[in-house]
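Trainee: Line by line, the protein sequences give chains A, B and C. Once you know that position 155 of the first sequence is 155 in this note's numbering, the rest is easy, because the numbers rise by one and skip nothing. Once you know that position 224 of the second sequence is 518 in this note's numbering, the rest is easy, because the numbers rise by one and skip nothing. Once you know that position 196 of the third sequence is 758 in this note's numbering, the rest is easy, because the numbers rise by one and skip nothing.
Wrong hints could be hidden among the right ones.
Distance condition first, Cα-Cα at most 30 Å in a straight line; then the derived DSSO-like pairs of lysine-lysine [stated by the list, open to error]:
1. A:Lys100 - A:Lys20
2. C:Lys893 - A:Lys239
3. C:Lys672 - C:Lys627
4. C:Lys694 - A:Lys100
5. B:Lys530 - C:Lys694
Worth flagging that the hints you see were computed from the coordinates, not collected in a lab.
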Amino acid sequence: MNAPHHDPDYNFAYLDEQTKRMIRRAILKGIAVPGYQVPFASREMPMPYGWGTGGVQVTAACLVPEDRLKVIDQGADDTTNAVSIRRFFQRTAGVAATEKTTEASVIQTRHRIPETPLTEGQILVYQVPIPEPLRFLEPRESETRRMHALADYGLMHVKLYEDIARHGAIATAYAYPVEVEGRYVMDPSPIPKFDNPKLGDNPAIQLFGAGREQRIYALPPYTAVRSLDFEDYPFDPSKADHDCDLCGASGSYLDEVITDDQGSRMFVCSDTDYCETRRDAGHRGRFSPPEVQA
Amino acid sequence: MKDMQPHTPAHAPDGPLLRVEGLSKHYGARIGCADVSFDLWPGEVLGIVGESGSGKSTLLSCLAGHLTPDAGQVIFETRGGPRDTVQMAEPERRLLGRTDWAFVHQNPRDGLRMGVSAGGNVGERLMAVGARNYGAIRETATDWLGRVEIDAARIDDRPRQFSGGMQQRLQIARNLVTGPRLVFMDEPTGGLDVSVQARLLDLLRGLVRDMGLAVIIVTHDLAVARLLAHRLMVMKDGRVIEHGLTDQVLDDPQAAYTQLLVSSVLQV
Amino acid sequence: MYVAVKGGERAIEAAHDWLAEERRGNPEVPELSIAQIREQMALAVNRVMAEGSLYDPDLAALAIKQARGDLIEAVFLIRAYRTTLPRFGGSVPVDTDKMALTRRISATFKDAPGGQVLGPTFDYTHRLLDFKLMAEGETPQAQTRDSAPEPAPHILHLLDRDGLMEPQPRHDTAPPALTRAPLELPATRPLRLQALTRGDEGFVLSMAYSTQRGYGRTHAFVGELRIGTVAVEMDIPELGFAVEIGEIELTECETVNQFTGSKTEPPQFTRGYGLVFGQSERKAISMSLVDRALRWKELGEEDTGAPAQDEEFVLYHCDNIQATGFLEHIKLPHYVDFQSELELIRRLRREAMTAHQEAAE
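Turn these sequences into a full structure, and let the hints steer you where they fit.
Mentor: What follows is the structure, encoded as structure tokens:
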């Protein structure tokens with residue numbers, strides 16, 4: 001799936017060099033102030049707002065011809081939007097593509113952090129629909145910016161308090177808010193809360209791009225990230241209480257698949273590369289085909 | 295959580311809690327308030343009275359930092375010594391607004407989060423200053439609902455389901471939960487039925503006394519002023535025209551305007 | 563046996579092929595040419611140019627063809643193309659006083675220098691389907707007039723001269739560029755107008771309509787509506803003067819709005835302004851009403867909480883490309899998030915049921 005050259009009708013990685021420089025400045029500012037949402041002049045991309053235009057612009061600003069790009073959506077390389085974005089960069093940047101987390105230098109993702117631990121030098125780019133963790137508590141951008149500036153986060157905890165009062169637990173399952181380096185409260189994009197522990201102390205650079213909302217933010221390597229909680233209701237990164245039915249993994253995030261109209265279901269790794277790598281290494285799950293098929 | 299409990303009445307103060315000097319605010323050519331100066335001592339309740347448009351609400355907003363005055367100082371005795379709050383940076387002033395200061399609005403909708411439960415409303419200030427134990431926050435909230443005579447069983451109900459008087463009591467609990475030393479009140483009984491007002495005033499008087507709160511209360515209702523305030527300032531056209539002990543001002547008004555104000559009320 | 567879902571790549575290709583076939587429709591029906599769309603669907607072309615922020619009738623016509631007549635999709639194609647174009651610089655402000663008029667009406671004066679020109683309007687047509695158009699071949703011919711058009715100065719200038727209009731001092735500072743810098747609030751009026759002129763016609767129309775029904779009422783009259791072509795000039799630094807680089811068609815609307823004055827200022831009329839590419843008069847009038855409603859703060863009016871007075875609300879929601887992208891993204895897979903919710907709701911239900919059982923025992 002490697003394309004050696006990029007389409008000569010477009011500048012490398014689609015955006016013009018001025019725009020890429022502008023985005024890089026925003027990225028550097030974001031890295032310098034972890035968790036702070038940097039406004040940037042998001043460009044109109046040839047894909048719809050809300051479909052990863054922020055992530056695509058950040059990736060475009062980071063890519064060099066030697067890069068090896070992996071694109072995932074819901075943890076999988078073969079979901080349609082991941083395919084579409086990967087093809088966009090193969091055409092406009094001519095970079096090599098890969099499905100292997102370990103081989104990728106830049107990974108663009110929607111809704112997941114790969115199971116395989118990232119390493120120094122890798123860049124993980126998140127697509128972000130709503131960058132503002134306070135948005136559904138306070139719809140006004142002018143007011144939420146003031147709240148961040150003054151670290152006025154009481155309201156965020158009121159939301160968690162209300163959850164516990166009503167449901168007996170913090171009822172946020174994804175886009176679970178985090179506090180970065182004891183300062184900014186940040187939306188980690190709609191990853192399941194299961195992935196939250198991977199945000200902190202991560203050797204890779206993590207960049208977050210929100211195109212429609214015109215914001216970029218970042219976590220430099222080894223940043224302290226804490227999921228918001230209460231002492232007596234600690235953060236709980238739960239997942240389905242199953243093992244993967246294909247590779248037997250017990251510690252990976254699982255998709256639930258309905259297999260017939262009788263309510264039968266199976267659970268499989270959401271991270272397709274992780275699952276395949278394990279199966280290739282001989283791991284087996286409950287519904288694995290017999291050995292002959294391996 | 296224990297230090298969030300109300301203080302016992304303040305010990306012998308060394309000086310005023312708040313010193314206001316030469317405070318002025320103009321709206322274009324119009325005077326909001328002009329050259330207002332006074333001291334407020336710990337545990338003291340100061341009433342500001344006057345007709346609507348007299349500048350009392352502008353003055354209160356300037357004192358509480360909601361409006362920036364054009365001139366003057368508002369020096370508050372913070373835990374770290376006296377500070378001019380007009381010159382304070384916004385983050386510091388906001389912190390003060392969630393700790394040592396409190397503001398009770400006339401309309402509870404302005405002071406409450408109507409979509410958040412009663413417990414969440416009371417707990418917000420605690421969480422804003424770092425409380426992170428759900429059980430303790432809830433316990434404190436339950437305790438405060440009791441103090442403002444709201445049934446603990448209503449803790450998970452939203453203020454929308456409360457009567458006007460209950461909403462106002464909830465707003466008071468939400469403000470007092472962090473044990474502030476200075477409370478600003480803007481017509482706290484305005485808009486309530488007379489019988490509801492009486493109960494609220496009674497409650498306020500008890501809380502002010504028990505907690506040793508210093509209070510600046512704006513009201514156009516002289517009966518409210520007489521019941522709560524130790525001292526009164528009478529305002530007209532943005533200026534303080536009379537200032538003294540409450541009984542003195544109400545029983546023996548000196549300024550002609552005050553005489554008019556007092557007589558018009560007494561005839562009702 | 564379960565096989566992990568694969569084949570996204572193949573599915574996308576097949577979908578694209580199918581789309582192309584559907585776009586062409588029945589091959590026995592002649593294909594539309596770009597020129598046909600440009601000439602005979604001119605108002606659609608205008609709308610795509612206005613909301614796409616790119617004045618190019620041929621490309622707009624192409625976008626309409628490619629988008630199968632979905633105008634928002636066409637606007638999207640134009641926007642995505644526009645963003646790849648280099649920026650040479652800004653033009654000199656166009657002079658709408660010198661517009662070559664095709665239409666010019668005022669609702670505030672019966673007559674004015676330059677006269678009222680109805681122009682090619684639907685206004686007084688009876689909306690009866692014209693079945694003759696189902697047949698082909700007719701080429702209608704309009705009457706023409708020989709006399710050279712008289713100069714038609716802006717009608718609001720005439721009121722201006724009497725001091726009845728709020729003054730509008732000329733600014734020579736370059737306005738902020740909405741597509742080059744992130745939107746930051748509070749926005750200046752030039753920025754608001756930029757957002758409105760490329761805003762969705764339906765959204766701006768509804769906002770304007772809401773002000774007429776009392777949600778932020780501004781008592782607007784159409785002081786003047788003019789449609790015509792203007793010259794676009796650009797300063798060429800090497801030459802030291804401005805040269806004409808082309809001509810564009812514009813619709814301009816100026817409203818006259820009631821203003822009661824204040825203690826310090828005598829009563830004056832205030833303005834709302836709309837300027838849109840092409841013949842787009844519904845949009846231009848709507849824009850001027852919304853512009854005027856958004857000026858409440860500057861004019862010392864009351865904030866009634868009306869949506870059309872709320873700058874943040876209007877500016878963040880008027881762009882149909884942003885809106886449609888975000889709206890439609892919810893059809894992308896969300897099964898990871900949904901799974902997380904599923905786990906949580908199962909656990910909460912389990913706990914709630916256990917609690918009930920314990921209470922019952």
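Trainee: Now tell me, hint by hint, if it's right for this structure.
Mentor: Status of the hints after comparison with the structure:
{"no.": "1", "hint": "A:Lys100 - A:Lys20", "verdict": "27 Å, holds"}
{"no.": "2", "hint": "C:Lys893 - A:Lys239", "verdict": "24 Å, holds"}
{"no.": "3", "hint": "C:Lys672 - C:Lys627", "verdict": "42 Å, violated"}
{"no.": "4", "hint": "C:Lys694 - A:Lys100", "verdict": "64 Å, violated"}
{"no.": "5", "hint": "B:Lys530 - C:Lys694", "verdict": "78 Å, violated"}
Violated hints, listed in ascending order, are 3, 4, 5; each of the other numbered hints is respected by the structure.
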